[in-house]
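From first to last, the protein sequence lines stand for chains U and R.
Counting in our numbering, the first sequence runs from 1 upward without gaps.
Counting in our numbering, the second sequence runs from 1 upward without gaps.
Hints are supplied without guarantee of correctness; some may be wrong.
Listed below are the simulated SDA-like cross-link pairs for lysine to any residue, each with C-alpha atoms no more than 20 Å apart in a straight line [said to hold, decoys possible]: (1) Lys132(U) to Arg93(R); (2) Lys132(U) to Pro67(R); (3) Lys135(U) to Arg64(R); (4) Lys208(U) to Asn36(U); (5) Lys132(U) to Arg62(R); (6) Lys208(U) to Gln83(U); (7) Lys132(U) to Arg64(R); (8) Lys135(U) to Pro149(R).
Please keep in mind that the hints were generated in silico from the structure rather than gathered at the bench.
Predicted, not measured: the structure shown is a model, and the values here were computed from it.
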Amino acid sequence: MELIVRGLTKSFGRRLVLDSLDLDFGTGVTGLLGRNGAGKTTLLRTLATTLAPDGGQVRALGLDPADRAQRTELRRRLGYLPQNPGFYPHFTVFELVEYVAILKELTDRRDRHREVRRVLAEVDLADRARTKVRKLSGGMRQRLALAQSLLGDPDLLILDEPTVGLDPEQRMRFRALISRLGENRTVLLSTHQTEDVAALCERVVVMKGGRSVFEGTPGELAGAARGQVWLSDRAPDAARLFWRTADGRYRALGDRPPGGVPAEPGVEDGYLLLLDEPVEVTA
Amino acid sequence: MNGQWHLPAELMEHYVTGHLEPAQVMSVESHLAGCARCRAAVPYSVEWLDTSWAGIEDVVDRPRPRPLARLLRRAGVPEHVAVFLAATPALARGWLVAIASTLAFAVGAGQLAARHPGLEPYAMLPFLAVAPVLPLAGVALAYGRHVDPVYELQAATPMAGVRSLLLRAVAVLTTAVVLTGLAAPLLPGPPGLAAAWLLPALALTVAMLALSTWVSPPISASVFGAGWVCAVVGGEQLAFSLEAQIGYALAALILIPLVYLRRARFDPGEPVWN
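Please model the entire structure based on the sequences and the hints provided.
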């Protein structure tokens, strides 16, 4: 396994955010799902070595981040997109990525510039290289943040909500890029988009209250909802969760509503059922 | 152009080996531009071509370095370090203007006091009180979660922690010392006294870095900055006596090894593993 987490614990004040978490991640793309506050970002920050845990062990790419020298070596092989990547707004796109490239020890100017151009091309920002960051749209900033995470062709890629702000076309490009990168390295991403998980991830982990409540393939997550997904013509009252779909019918999760017929479950159905709290959603 | 004519082998060889006059080179290249057969006959190295294109691309696309980076390059700082330091928030134009304004105010206050009967003994106080605090504040604002917008990105790189902090701290300290040093000769007092801020500045900055291994740099700087101003205002010239200067030097000498020993605590990923 490329990434091993054992008994990882982290609290902020009295709030326990990671609760003795045990996880293993291998080569490929793994999606982290969970509500806000489930511990996804804290887990990713800890794995990215920007946050020290209170307890437990991590081994990433065979390295122990608790050891200073090994932590530095891990950072050399790590690409990280934080949930809220900051920017120097007065920098150009090229300057900002170049700055991070320097932080990643790309000291030779020519090699560094070549690498900056490469990652900007990967995220389709090459023609914006001279644009000031403050003039970029939200989606472009997100692509810029993604570009810096690709510097140095990292062995481990940690992406916290990477598809936020991307338009559909860019999301498709992102999926193609990440699925290609995931062929020979470990990619760990958190998202609220179950479609991204279904389309991109070989494995999914659902977090709740600082613990992992599901680990498996997206198909297995969808399969967990089999027999609990229904379509009915009337608003159900027995279902744990339901919503009105575009064709005017009701999609219900949980117990079979009157007149309900079984429906093919999706990743989202399995995810919502795992969260296990009755919510009524209508649209 | 005569489509039937092609470059003779001897001319081609001279061209490839660089033994033609410029006018002949232009003539040959003019022909090559329109003759696919001769272009295909020109031997070339793919590696050389890639390197050449990369070089051209680099020259064309290379961004103009920021003014501060250019200045640092002229001072002999390595190129990548100059680019890194030019991003330091505490070296931004606004910060430099703030330092210059503060110093101008302190010097102006000193000059006014020197001309006012009864206030002459206090003419140096505004400057001596302010001068050691400026590098302190600059270092506090050079690196950290609350002062650097890209801190979270930096924190996951090999340069995170003490390397970034100390590089920036030295740059900020140097800048503040140079600006303050330029202002010192404008003071009304004796030159020796005007230099009395240097050792306190060093001691306060080192002490602030040492405390920053427990609390955040802005908090640490606030503690020592406020303490210094209180000491100067309360103790008047005592803070600049010879004994005090020796004390500052000793404090710096003692605290530098402490900062070194605790340097890992500047790293956000430095764990407190159970």
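| query | CA of lysine 135(U) to CA of proline 149(R), is that 20 Å or under? | reply | holds (17 Å)
| query | Are the Cα positions of lysine 132(U) and arginine 93(R) separated by 20 Å at most? | reply | Within the cut-off at roughly 17 Å; holds.
| query | Taking only the CA atoms, is the gap from lysine 208(U) to asparagine 36(U) under or equal to 20 Å? | reply | Holds - the C-alpha atoms of asparagine 36(U) and lysine 208(U) are around 9 Å apart, at most 20 Å.
| query | Is it true that the CA of lysine 132(U) sits at most 20 Å from the CA of arginine 64(R)? | reply | Within the cut-off at roughly 13 Å; holds.
| Is the hinted pair lysine 135(U) and arginine 64(R) satisfied, with a Cα-Cα distance of at most 20 Å? | holds (19 Å)
| Is lysine 132(U) within 20 Å of proline 67(R), Cα to Cα? | holds (16 Å)
| Between lysine 208(U) and glutamine 83(U), does the CA-CA distance stay at or below 20 Å? | holds (18 Å)
| Keeping to a limit of 20 Å between CA atoms, is the pair of lysine 132(U) and arginine 62(R) held or broken? | holds (15 Å)
Consistency with the previously given hints is maintained throughout, with no hint failing.
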